[in-house]
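Asks: Next come the chains, spelled out residue by residue.
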Amino acid sequence: MSEHILSIIWLTPLVGMIAVMCLPKESKDLIRYVANGFAVLGLLVTIPMIRAFDSSNGDFQLVERHDWIPALGAQYYLGVDGFGYLMILLTVVVGWLSILCSWSSIQERVKEYYAFFLFLQAGMLGVFMVLDVFLFYVFWEIMLVPMYFIIGIWGGGRRLYAAIKFFLYTLAGSVLMLLGILKLYFDHFEQFGHYSFALEDLLRVAAYTGPDTQFWLFWAFFIAFAVKVPMFPFHTWLPDAHTEAPTAGSVILAGILLKMGLYGLVRFAMPLFPKGATDELTVQLVALLSIVGIIYGALVSLMQSDWKRLVAYSSVSHLGFCTLGLIALNPNGIAGGMLQGVNHGLSTPLLFLAVGIVYDQRHTREIADYGGLANRMPVYTVLFAISLFASMGMPGLNGFIGEFTILRGAYEVSIWWAGFAVLGIVLGAAYLLWLFQRVMLGPITNPKNENVKDMNLREIIVMAPLVAGCFWIGLYPKPCFEILEAPTNKLVERLDPGYFSRNAAEPADESVQLSRLLPAETPASE
Amino acid sequence: MFFLESIWLIPMFPLFGAALMLLVGRRLDRQHPLGPPEDDSHSAHHEPSPGRRLIDIVCPGMVLLSFLFSVGAIWQLQSVPGHSYEVVKWTWLAGLDSGTEAGLRAFTADWGFLLDSLSSVMVLVVSGIGFLIHVYSTGYMAHDGGYYRFFGFMNLFLFFMLVLVLANNYALLFVGWEGVGFCSFGLIGFYFRKQSASNAANKAFIVNRVGDAGFVLGMLATFSILGTLKFSEVGAALAAGGFQLEEAAGPLTLIGVLFFIGAMGKSAQLPLHVWLPDAMEGPTPVSALIHAATMVTAGVYLVARSSAIYTLAPSAMLLVAVVGGVTAIFAASIGLVQYDIKKVLAYSTVSQLGYMFLACGVGAFWVGIFHLYTHAFFKALLFLGSGSVIHAVGGEQDMRKMGALKDKIPVTYKTMLVGALAIAGIPGLAGFFSKDEILWKTFSSHHTLLYGLGLVTAMLTAFYMFRLIYMTFYGDNRVDPATHVHESPRSMTVPLVVLAAGSILAGWIGTPPVFGPVHDALPSLEHWLAASVVVEEAAHHSALLEWGLMALSVALALAAIFLATRMFRTPRYEGEPMSGLLGASLHRLFLRKYWVDEIYGSAFVNFAAKGGGRRLVSFDVGVIDAGVNGAGSLTRMMSNLTKFLDKWVVDGIVNFVGYGVKFASYPVRMFQTGLVQNYALWLLIGLGMVAAYFFFTIT
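Line order of the protein sequences matches chains A and L. Under the working numbering, think of the first position of the first sequence as 7, with each following residue one higher. Under the working numbering, think of the first position of the second sequence as 1117, with each following residue one higher.
Take the hints with a grain of salt, since some may be wrong.
These stretches of chain A come out as covered by chain L in the derived footprint (C-beta under 8 angstroms, 3 or more residues) [what the hints assert, rightly or not]:
id, segment
1, 121–134
2, 336–348
3, 403–411
4, 435–445
In silico SDA-like links for lysine to any residue, alpha-carbon gap of 20 angstroms or less [said to hold, decoys possible]:
id, chain 1, residue 1, chain 2, residue 2
5, L, K1310, A, A374
6, L, K1205, A, P485
7, A, K484, L, G1768
8, L, K1310, A, P449
Under 7 angstroms between C-beta atoms, here's a sample of chain L residues computed to sit facing chain A [said to hold, decoys possible]:
id, residue
9, T1207
10, A1210
11, G1211
12, L1220
13, V1291
14, F1308
15, N1318
16, R1325
17, G1717
18, L1732
No wet-lab data here; the hints were simulated from the structure. C-beta atoms are modelled at their ideal positions from N, C-alpha and C, and glycine is treated no differently.
Isolated chain L, as found in the complex (with noise of 0.2 angstroms):
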């Protein structure tokens, strides 16, 4: 069971390569020495230096090997009963005892990780679909300076990825799902210059933290309720405590909305989502890796991963699934329109992500699961694709000034088609097998008019990808003359081809049963996922209701391509299309994304944390600060008031005793001559006067 005791390993690797690149990157990546050159063209040609191609090797190589880990690990775990392993390497967070609703238990958390059959979806999905990326970065940015920061934060990223899917407690996960928010926040400010670009690094990573500060309280919950964050102790804890189904809204159910909350600001939903377009900033390996196929994933995981809790809270899960149906049509409405084509596929990240939450919301976590696992694949690929044109043309994303490239770069044309071909839901490929999944479980589910809003956003997907790749693809020649168009090295497109064949291949393992003996015969991603995450017993249908339902959604996704092809295969790309199809006051609504990012900056950022935050300097400063000057001011008049007292007043009495006394003295003084003579002649006068007085007085 050697991979299995070192499933450890498997993050330590990439994290090794991080540290070395902060190490001793600097000084391998001699290029530019203080990071990205102030022109961030694409344009110079030149041999890598021997230092960058130990980066080249060193940071795939790394991931390679936990992918190699993470599958000998996997192989090893068919054998173990339960599908689950976990080893504890050491004490973490050791907080005191706590009073908790299952009596007094030590607040602690390890450095444990837990391969059981979701971490290892999740571990295949991340080490693969990372490894590739990483190839692909060794060409696409060949270019760029800062090459060792880029490869530095991109293993960074792999080592927290890794810790977040393979932990063994909600806080050790919470450590990577911090961890990977930093290197996103890292890498979407790559080109740090950009004003732009750290906006949207910041913006990134403070709109998550409002999703944290959920996560945060729904662990304190979890703790308080079930007196444990392991995952391997919460089904028996929540046996122990004897809960039940939530009717109404319970504890489990603040457990499931707190997790979800944060699972919102990781994934991008409604209202969170925000974040995510901006993102766009970074390069685009760093779109396809964390804000396509794995980050922005974690939020369905940690869902799945609490399937035994929000099964027994319907309320929560209902919301689940709301949020996630509203934000798949919501954020598919947006990419109708959308120009940038990394903001086309952002937004039909987002779109799909909500897919992904409504699958968890109707109660098919597998689901869930299964179409992060294929979106993992297929959107990696559009992504990496869209980026392979954007190398091509020189640094163009505006997809008006593209058109006619699918002569000029075959292999990223053919990749990106199949990547289309795959989201649009097109039979075969693996985005039809795990959305219609997701649609036949909301439908059979009974939530009849989520089935709605997923169906349209099936359209609304097929629509918008087929738009892109016509504008990318046909159509006039509408890119800068002076731009030498040219295909992608081998290091770019060998990850394209190898994700086109995921993207045709890898939803096989989830066939609908309706497929009979094709189903029997292939494994079974729902029969592996059962082991570790609640899958309930489908309610029976007939059989001809699925397929026809299939076909359905199959024919409104030809019926979109189709409309597509009409509106976008022309020989000229003039006006502005989408706004005849919506009519103009539609459009600049998509356009301009329903204004919640003007509505956010003036509610939030200016109005309560700015306008806040100036109204409590003048409280600071006016209020109590002036009270601490006020008394120190009154102190002083006191003071002076006492010292006029006292100069006048107490010393005043004071010396007017001394001046009356020495008042009174002076007719006494007068008589203190110092002359005998004088004091023989009073003497004389006063023993007249006793003299005299006797005299009279006795006569």
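So here's chain A without its partners, still in its complex pose (with noise of 0.2 angstroms):
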């Protein structure tokens, strides 16, 4: 069994998916145990990966290979590093909880929506896990799919514009990865005479090719990515489809989908094409980019009337601190890239989840529409100020951990990067606070309001694992950092090599060029 841990993972959701295929779709209760059921067991399966995964380690792990369709040279080929390995923890978790918390507001089409929800989950899990590039573009691109469906069938008002837009927006980006990865493959034959979609086999062919080429490549695969993250300009399709899709749909969108736009510039774009990663246009213009989508991300967000659109617009800025991160190049960047990717999908999903507690009572997400809220819902209330203060970046909660390590990468490479990211967190503040207000405090002055319910216990326990790692990473981040030392500081190196040793060696360097710029003796003080 332990060679097919990985295997097993992202097939219990498919098995899942069958099983509530072959229920009576009248039964709908029975249908929602079974498909609950699957989310726990999803959960359960990957106990023996944690058992198994070795964070010092910055190869790939648990790793599955078989031959799949030989004449393209195409495999069946699974493993997981650091990277991988939080973002499947995150997947199974936040995908159980999107689960759960559909059990009341889902009563149309039930066996559908949980059978697609399921495949979503597979899905999911396995880009996460792939290591051939060939199996990776089929996992990535059959995701739309359900999550298509999902938007189009059991979304809000303009539900049908809004998964079109999602499908097309991301399929568009996409298409220009599958030109990448076909030149790249015809690029690996005629350097080494076979054909492969291998991981390992392609990340040998940028030794051969030129920058020029890598930096067309690198873009490529880089707008795809983008468009899943969604980097400015790329982000219209996001507001639409996080407004429109139902609260689980929400929180699996923020929680785990944009994450892919991360992990596939780490996983594949930036090891793949290294210089062109690293070409001095990419980088300025990447981190243009994401500067300017946590300024207008945030910015976007005060004015927003539709609670939900307000969210989705907060994720466009925090997603803009992650690229930022990725793109200094540097251990810290990298590293609180993909922790503050893991962040987002603890504290954005609590967000959403917050809107679906009371858009089920409601039916409304107008934010002029509420008011009040605090003099009815205690316990929600401290909730959703936990979330809002996890997302705006408090100490002591996950976001800052992740801000303030990407903006020491940042740092690292311009003063300037960090003094106008900080912004976003100044403007932070001032659109979650804002909303807090309008929606919570004051006197209740619409009379619908007066009836609403406090979180129910199904509710609590929703979000209560969410809240828990909020706290957990704001804390205590060592084991996160632990699991994402080993593989940034590979990536690092391979991007930058000689990162560690130059800047190691630097101390002496550095007091001779001190003391040429400085008068010769040394302070007194200490």
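Once you've looked at the hints, go ahead and assemble the two chains, each given alone in its own frame, into the complex.
Replies: Okay, here's the thing in structure tokens:
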């Protein structure tokens, strides 16, 4: 069994989907129990992975490798390193909670809903563990299908527009990636004389291709991932999709799907094309887009009158931090960017769940329809406030750890990057607190809010693990950094060979430089 | 060394109290399960429930435990060489290796606690005064709803404040720094049904965030330049890096300026002072604890904590001194004309914080801390006193509706008078020693202009304080006749008396050297702090000059009190005496607070944030999304076009060919009748024609 740990993880929800499909569609509760059971099972089957995973090892672990289509060189090739490991854990938790939170809010076409959700879960898990580029592309694209239907069938008023926009936007980005994959594939054949889609084979191509080729190939991949992240100016599918999707759909979108963009960057785009990623133009342009995204997303959030849209735009701002960290190309930037991805995957689902709880009662997303909810919902107020403060980077909660580490990485490149990015922290407080004030505080002005009910036990159970995660990463992030350290250092070494040896050697040079710049005597203090 | 080993417990006690309130507070406090009642009156009298009694014991009790542990730890600290003791519990921030000026360094910070002479002063002030204010609150808040919420936030505040002062590195200090900001947010907005309260809470948090951005960048700069965030390693890093006094602006200046931006936010210095006066929306004990005695002094603590860096960065020091000096006089001028008793005290706090920064900026860090410590006593006293007054007159805060309260609330009156004398700088009281030391250090370090500002501020301070005393306690009774004026309960008056005693005595640990034998006989805060804060050897000046300047400032304060007496100790409060004194336009300028709020409101809130946001929303919808939708429409148009082409051109050609064949085949088809006779006939005709052809061609 142990050699199939990863297969079991991604196949469990798929088996769940089949099981759900075999049930009669009238027995809604049975479907719910089975789907939730498989979601919990999906959580449990990661335990062997957690036990077997060695975070000090920067290579791929728990590898499974079989020929799939030998003529093409495509393989069934799975494996995880720290990046994938964290994402898989996030996926099983957030996936489980999104299935749990749909219990009462989904009443129509229950069977299809859960089938799609479990299918989606399988696809997402696959993305985070495949090491064969061809198979990756299959998983990457196939996931669009269930998400398309989840938005298109169970969504809000403009669900069709949102679903189609989401689908086409992402597909358009992926097409470029497909071209890039093919180019890389044939380049590999030219160099090595055999066809392969295996990541480790394709990684060797970089040594033989020039900066120009790598630049274009990097951008072909990058745009696909940037759409998913989403980076400014490829972000406009996000507010529509987030807003129209049912609560669980928004949770999955914000929690997991956006992270696939980040994951794609560190797993494929950056290591496959190191010269493209470190190209001066690439770095400056991506950093610029990230910083613009941070400020732009925050300012646009500030002016939203729709609660879910506000949260959606805040994702643009937060993910700007992540991409800024990644493109800093140093250990803290990359590890911070990935960790912030996880953090965002905990705090933004919380915000969407919070909207969902009152939406289920009041069926409106307009901020102006609320006000004074704190008078009626004390438990909700506490949990919502924790989510907000986690999201705005309050130290002691998770957001701060990610942002601060990213800013450290950004500062290492340029003080200006960090200087502009911190504006996002200031504005983050502004739009989130203003939201809190308008929704929660004040007297109850709208009589329809008089009878809102506080959270029930199931809703508390859904939010509790995420809140616990926010505190855990905020107070003791060390395990996360330990997981991220090995793959991050490996990536940095690939992008910037000698980063560690060069910097380690610096003190000697530094003192020589300083002694030249400064008067000879050393200060008497200390 | 039990207490030193347990310094990490000092913040944990109030955290426990806060957690308890969060989990079971609502069940304990059944009086108002849904938060404060709509009418926020103090009139209803009833026995506290057993649940409330428990809250009354637990929450102040936790703070008392912190205080006792602090005292124990400081007692043991005296015997530790270097007066510094660190306890590291576990690694918190565990970032990866990072290239810095000092080479590759792991970007880490611990849950580590440091008790040294500087933090010992802070920890005593925070837990000691915090305890008194908790006790006071049990009386003051007795008739308010949300009792458990109040005490939960107060305890949580003390946890974060104690983390702030006990942290052994900048990052953990920032945890406390943001945490107190969060509690301040929660407590300013305690009466959350009031729009003005939640506005003030948001304003406080967001303005502070501007400062926090500076703080964060300051930490990043510190790590980049010195390779560490730990206080105990900063000195060594400065030495190892070979840093020298920066004649022009250099890396240390950058750190100094960035940290000071953080301090400006938290300590409400120009231009980030706007939140503190609004913060008076919170209950009065909150104003006393958070917005006078402890949290707002965190900026001063930060600057003093970084004294080794500032000392090498004179430009940053000058900035600190100038901002401090200007803020001091600026806020005092506004305080002159306010009518709200708490607003007077709020501007006074801003002004006194300016003094503390002035001291730090001229290199007298220990004096800044000294003033922080004396100020905590008399300003907490004045705030609590004002709370007692407000309590007595049924929630009224406008001094124009007070007057003649002297004999009705005698304890409050007497203790507040002590506070006013202390802040005015009357010799022997706490404020005299610290304020005069600031003025002297400013003068003796040749900052003559700043000294002038400080001297004028001292005068203004004495004046507005006595204006407050006279308007509140003397003259005619302008209180709403329906109000039953009563002295506060013992839970409130006892803390007032203790703080009054502190306001009298606290200054004697910082007597100036010119006091000779007295100075030598008393313990010296300067020597105690020298272990952790840079203390510069004072330049030699004649004792006569120092005495002379002391006499000058005392004389000016007395003159100001005399003027206030003439103007406000009148049988009737009529018209607007300040307008007569200042002139109408100056009065208006002060009364409207130099229009800073209005300017910020239109420039930053409405123009930059909301206007910018609105423009970007249009950009998002009108440009990017329009582009996307346009691309979509274009694709649809293209597909319509291809549909058209398909139908009429491609299909047209195909069909044309088809039709052509069909058409061409029509005559041929005519022959395909299927009748054998017809075929035979055609065969015959054909045969005839062939025969005819051969016949004619051959012949």
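Asks: Find the hints from earlier in the document that the structure breaks and name them by number, from lowest to highest.
Replies: 1, 7, 17
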